[in-house]
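K.L.:
Taken in order, these protein sequences are the chains called A and B.
Counting in this note's numbering, the first sequence runs from 1 upward without gaps.
Counting in this note's numbering, the second sequence runs from 1001 upward without gaps.
Since the hints were made in silico from the structure, they are not lab data.
Fair warning: there could be bad hints in the mix.
Across the chosen pairs, the derived CB separations fall in these ranges [to be verified]:
#1 B/Glu-1100 <-> A/Gly-510: 18 to 28 Å
#2 A/Pro-530 <-> B/Glu-1100: 44 to 54 Å
#3 A/Pro-530 <-> B/Leu-1016: 55 to 65 Å
#4 B/Gly-1101 <-> A/Glu-508: 27 to 37 Å
Pulled from the structure, derived: some chain A residues nowhere near chain B, Cβ distances all over 12 Å [said to hold, decoys possible]:
#5 Met-73
#6 Leu-140
#7 Asp-143
#8 Pro-146
#9 Arg-190
#10 Glu-301
#11 Ala-325
#12 Arg-372
#13 Ala-403
#14 Asp-408
#15 Leu-413
#16 Leu-428
#17 Thr-497
#18 Gly-545
#19 Lys-571
Here the structure is a predicted model, which means the values were calculated and not measured.
Even for Gly, the Cβ is constructed at its ideal location relative to N, Cα and C.
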Amino acid sequence: MIEAGHFAAFLAIALSLAQGIFGLRGERRLAGLAAISAFAVMALSFLTLINAFVTSDFSVALVANNSHTLKPMVYKIAGTWGNHEGSMALWCLVTIGFGAIAAATMNTGRQVFEARALGIQGLLGVGALAYLLFASSPYLRLDPAPFQGGELNPLLQDPALAIHPPMLYLGYVGYSFIFALAAAGLMEGRIDRVWAKEVRIWSLAAFAPLTFGIALGSYWAYYELGWGGWWFWDPVENASLMPWLIGAALLHSVVVTEKREGFAAWTALLAVLAFLFSILGAFLVRSGVLTSVHAFAVDPERGTVLLMGLLAYGGFALGLFAWRAPKLEGGKAWTLISREGALMANNVVLIVAALTVLLGTLFPLIAEAFGRTISVGEPYFNLTFVPILTLILILLPIVQAWAWGKADVKGWLRWAAAGAALVAVFLLLGVGLLDISAGAAFGLALGVWLVGGAIWELKRRAITPGRVFKLPRRVWSMTLAHIGLGLFVIGAVVETTGRYEATLALPEGGSGTVAGWNITLDEIRAIEGPNWYADRAVLTARKDGQTATLTPMKRYYPAAAMPTTETAIHKTGAGDLYIALGEAREVDGESRWVFRVYFNPLVDVLFLGVTLIGLGGFLGLWPSRRAARPAAAEASL
Amino acid sequence: MRARTRRLYTFGLAALLVLGAAILAFFALRENANLFYTPEVLAEKGLPREGKEVKVGGWVEPGTLTYSDGGTTMQFIVIDNSPNIITVRFNGVAPDLFREGQGVVATGSFAPDGTFTAKQLLAKHDENYQPRELKPLEAGG
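One chain only, chain B, in its complex shape (with noise of 0.2 Å):
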């Protein structure tokens, strides 16, 4: 084979697979790029479709926390400077800093009645570290 030929197959095959992987990724980062909620958020842009993974943010009002399921479920309300809120659920075990009045980002979806069911809970990680979401929250509050 021609180096030239060869090039030019070479080229194509390289082109294909970067034009497939393209492809792949825009659907992919369509379909599941993360979209984040405050509570303030919810109420501007409304509820999103059924089932769609999304994140939600804030803070965790004190005083809300409560337990179903014999003990597995957590239930709470999260805050932000807005007079909106979100209640959330989760079945599993609080991260190691989850503390109520602090800061929770939770990812899951939304049911149609406007509760956030979570599979997964972060809190701030460390003294020196916070959810990079919420800092704009912060420097509001």
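Chain A extracted, bound-state conformation (with noise of 0.2 Å):
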């Protein structure tokens, strides 16, 4: 069985190879359906392997040392792609089905430009198919097969990081067709109208799944790490946040392109490194070069292949790019004071934001190569990434209804006045009645400022309320974007200076107090699942009234031989109340269970924030009715 997969990825890697030939040869059918069928051939080859999991066939390696007959079935098919081999094939599935996708769909008009584009998306999937088959395969069979398989890390066994790599993977493999686009654009020298058209479509299907998969790992670190947090600027966190800012960065940039025909050099320059960060992103979390708080399976020898590939696809689009940028044509006038003006400074505090994160991940590297062993962690963040960005948050209610060319300012002041007015009752209340720290108060202030003006956008842009829903999608998606903006501000800024935690040592019958709740430890009880065990704590929280059981549990999965931590949270209007299980300890002659107490106020509204964001992304894909018909017009040109 897993030999047919073994073959049909040998069979994959020819049809790319086709594919890439066909396209840059500028024959667009025929890149097409060597895109499609080399999408069947990986999906037949990706079936293969999730049926090895599913059937726990342990005479495949792969199977044998990340799976386990007593593991819940979701848990064996997530367990396919929750391990190095296997995310690689679900890598190069997502390559060549993005390809396959763009075959079918793309109808710019322009036949050359097209297979341009899929003939490069083939030599990605060549590429990426190459890795898989000789650095990491995931065909291998044992002999003689063990009777019972190793196990998935315990801590991958949970629902959000069961569709977390699929997510993460739809975005950081999206940017690949960009990439190929960027490449195809450059080729003809032409950045233009029809090309940014096409660059926003696919520049939102892979930032919407991006947020996505972020979201699902950062609220997966939230509940199941036990620490309280929701984002720790780990190496692997970052990895993923760089490609996302570029992405935004891209998704505002290609707007100029796609309206004015300007920014040309610059879009297709974030294009081009949207991917190269993704890439980068895979390199820093494969190769065990950064030190994570996050596991991972790491391998140095991959790392220099996935070093030596990011070289290879960067030298070859930027010097691509060196050539062809200096020729392209500049697009319509404009001053600074202008959407356009707007939108570049967008640009760059998202890139220099990205930047800062760059420099803090790889620092600790830089240093090491100095001999000095040094970390990088929330503060050096906080204080370079938070203000840069923070920058263009201020700005963004007032600059988003400039318009193009050259914009009327005369309503200035009365924007400074409402934003004053803002600060001032948010310092005045939070610091003044609530107690909160003048930067929390200026945060919340940030948060509602960017609530209103995008609400505010809104209304402008419909003009008289009844035509609200008669705008066009796109005014939607970005509304819905620029408000999760805003409440997740809100929620992070609550929950970073409002959070309150305690540790409590209770014996069974004891009590303690965390944040005016009365937590008394009813009973300590032994549990059984289906492939672990557990201690699991029955606790009895009370406040004003409320009344809450809570009961978190610390796992042990013999197989993997390696314990969990299940978080248990009570979720009330203001924030969760949030209880990790620790271990026994002897203390006073007694026996007593320790629990880490947190907290997390409005930790629901910074998700809600973030989900608006992708659900933004999501519904500017939505074609809208007007837009049926755009290779028509082009093609009459």
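Join the two chains, each given in its own frame, into one complex according to the hints.
P.N.:
Right under this line is the structure:
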């Protein structure tokens, strides 16, 4: 069975190569056929892998190392991509899948451009498949086959983590096709409206799942690691944040290219960089050059291969860029105070923010080269990334109303007054009455400013309230994303500055108080699951007449010889009461269980905000009724 | 506005922002890059400034783990291949794979008496994973 999958993968590499050759020779139809057939055989190949996991075929080395008969079915399936080799197979499948979808749907009226884009996507598929087949093959057999398998890392046996990798990969790999479009556009020397329209759609198709992928990973870290936090500025997290920031910059810059034929070279550069940063992310995660708190099987040799791939792709695309970019047209004229100026500021800020993340992530490596072992943590990012991004968030509600070319800024005094009033109110109420810090009050004001600004802009564009629902979908897409951004800021500020945490050590029947909650340990009970056993605490939490039962667990997975923490979360309107169970300790002659208790205010608002950003992206993907006939218009030109 | 003037302004503004970010990053890194101390490094270099956030790593010496503050604080001794030690205190729950005799990396700061108060503890994450800072120790041991 798995041999058929192995064979299919070789077939896929041959078809991808054919796609590359036909594509670069400008044969659109043949390249498209090759792309779709490559996807069909790669999908079959991936299915044989899933099948091996589902049937617990331990003669396949990958299954033997990462699965177990007792594991629940959903984690057997998710186990396919919960390891290095399987996740690379998924990477290949998604790369080829994007090519196939593009082959079936692209309709710009430019045969040679489309053929070349498919051709380059085919070559990217060849690269990914070569890495899969020759550097990390999931198709290898074991002889003799073991009777029982190892286990998927128990931390990964979790619903959010089951769908986190596919989402993240749709994002990372989605940028591969944008890379292909950029290279094809540069080869033709035509980075114009038609090109930009195509890139904008694919940018949304990558950005929206990337947003959800990051959010799922963050939510998982929040409840599974038991540390109460949702972002740790860990290299693995930063690796996903950098392509996201560049992708966000691209989404804004490509609009200028689409509407005004401006920023052509810059947009093409961002389109290339988004994918290069995705590969850089894979390199940082897989090579083990950086310390991460998240568990990944690392292999320095694979890291070297990824680094070579990064250099090859980067060299090719940036070389093409250096050759073609100077000849690109500048588009319509504009002044600094205009929508173009505002979007340029957005781009500069997002890229500088991404660079500060890059510096903070790579700095330990640089220092190590000089013989010093250091690490860079949250304080660095709070001092650089946060203020830089704040700059653009303050401006966003004001500048989004600016017109193309040259904006009328007569109303700026009103904007300044509204902003100042908002900050003053939050400072007075927040610092004066609620006793929060000035920084927190400012952050809250900023979040409200963003949400209010997004709604104000919707109102401005609708002119009369009745037309709000007749606005184009892309306006709604933008509004949702900007409201989400504001909600995220509110949630992040409140959660970070208002988090309360304490440690309790309780004997059975004992109680303690955290953040106004009286918490009693009723009992500790030993329970069993399909592939784990656990100590489960039953706690009763009481505050002002509210009562909640929380049951945090400490699980032990015997097959993996590994314990995990299962936190218990009680949702209140104001935030999460969050309890993680620790170990038993002998203190003062009795056995006490230790608990880490957090109160995380408004943490759901934060995740709701990120969800809205992702939904905004998906909404923008939905084809609007009016935009159904662009190819005809282009063909008639 | 002429294209050249605009380009000048654009690059000027961008350069200003990049410069600002670079200055921020420089000071942020100087203040917040955490140095890594093993007991041996501590003996060589002496104590860092009080309250300065650093990392400490080594092996948890067996038999030294004790509890105080009603059980909420743990205290243990970290050793490496040198005769030196560091005493670490941590208020909280031990990481899942924290064991006496195993590797641990703590983030926190030193008190003037040389005891280390951790605000975060990391232990071996799973069977395949080892905090990277400890690899040289393992090779030497």
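K.L.:
Decide, hint by hint, whether the structure agrees.
P.N.:
Now the hints, each set against the structure:
Distance hint check: the CB atoms of B/Glu-1100 and A/Gly-510 are about 26 Å apart, consistent with the given range 18 to 28 Å. Between A/Pro-530 and B/Glu-1100 the C-beta distance comes to about 31 Å, which lies outside the given range of 44 to 54 Å. Checked against the given bound of 55 to 65 Å, the beta carbons of A/Pro-530 and B/Leu-1016, roughly 59 Å apart, stay inside it. In this structure the hint that B/Gly-1101 and A/Glu-508 lie 27 to 37 Å apart at CB holds, the actual value being about 29 Å.
Against the 12 Å criterion, A/Met-73 stays outside the reach of chain B, whose nearest CB is about 23 Å from its own CB. For A/Leu-140, the shortest C-beta to C-beta distance to chain B comes to about 18 Å, beyond the 12 Å cut-off, and the non-interface label holds. With a cut of 12 Å on Cβ distances, A/Asp-143 stays outside the contact zone with chain B, its closest approach being about 23 Å. Chain B leaves A/Pro-146 outside its interface by the beta-carbon criterion, the shortest separation being 17 Å against a cut-off of 12 Å.
Every CB of chain B is more than 12 Å from the CB of A/Arg-190 (nearest about 21 Å), matching its label as outside the interface. No Cβ of chain B approaches the Cβ of A/Glu-301 within 12 Å, the least distance being about 16 Å, so the stated non-interface status holds. The beta carbon of A/Ala-325 sits about 14 Å from the closest Cβ of chain B, which is more than 12 Å, so the claim that it is off the interface holds. Listed as outside the interface, A/Arg-372 is inconsistent with that label: its C-beta sits roughly 7 Å from the nearest C-beta of chain B, within the 12 Å cut-off.
Against chain B, the non-interface label of A/Ala-403 holds: every CB pair exceeds 12 Å, the least being about 15 Å. With a closest Cβ-Cβ approach of about 15 Å to chain B, A/Asp-408 is found to remain outside the 12 Å limit, as its non-interface label requires. The claim that A/Leu-413 lies off the interface holds: its Cβ sits roughly 22 Å from the closest Cβ of chain B, which is beyond the 12 Å cut-off. At roughly 29 Å from the closest C-beta of chain B, the C-beta of A/Leu-428 stays outside 12 Å, upholding its exclusion from the interface.
With a least beta-carbon separation of about 17 Å from chain B, A/Thr-497 lies farther than 12 Å from that chain, consistent with its non-interface assignment. With a least CB separation of 28 Å from chain B, A/Gly-545 remains clear of the 12 Å interface cut-off, as annotated. With a closest Cβ-Cβ approach of about 22 Å to chain B, A/Lys-571 is found to remain outside the 12 Å limit, as its non-interface label requires.
The earlier numbered hints that this structure contradicts are 2, 12.
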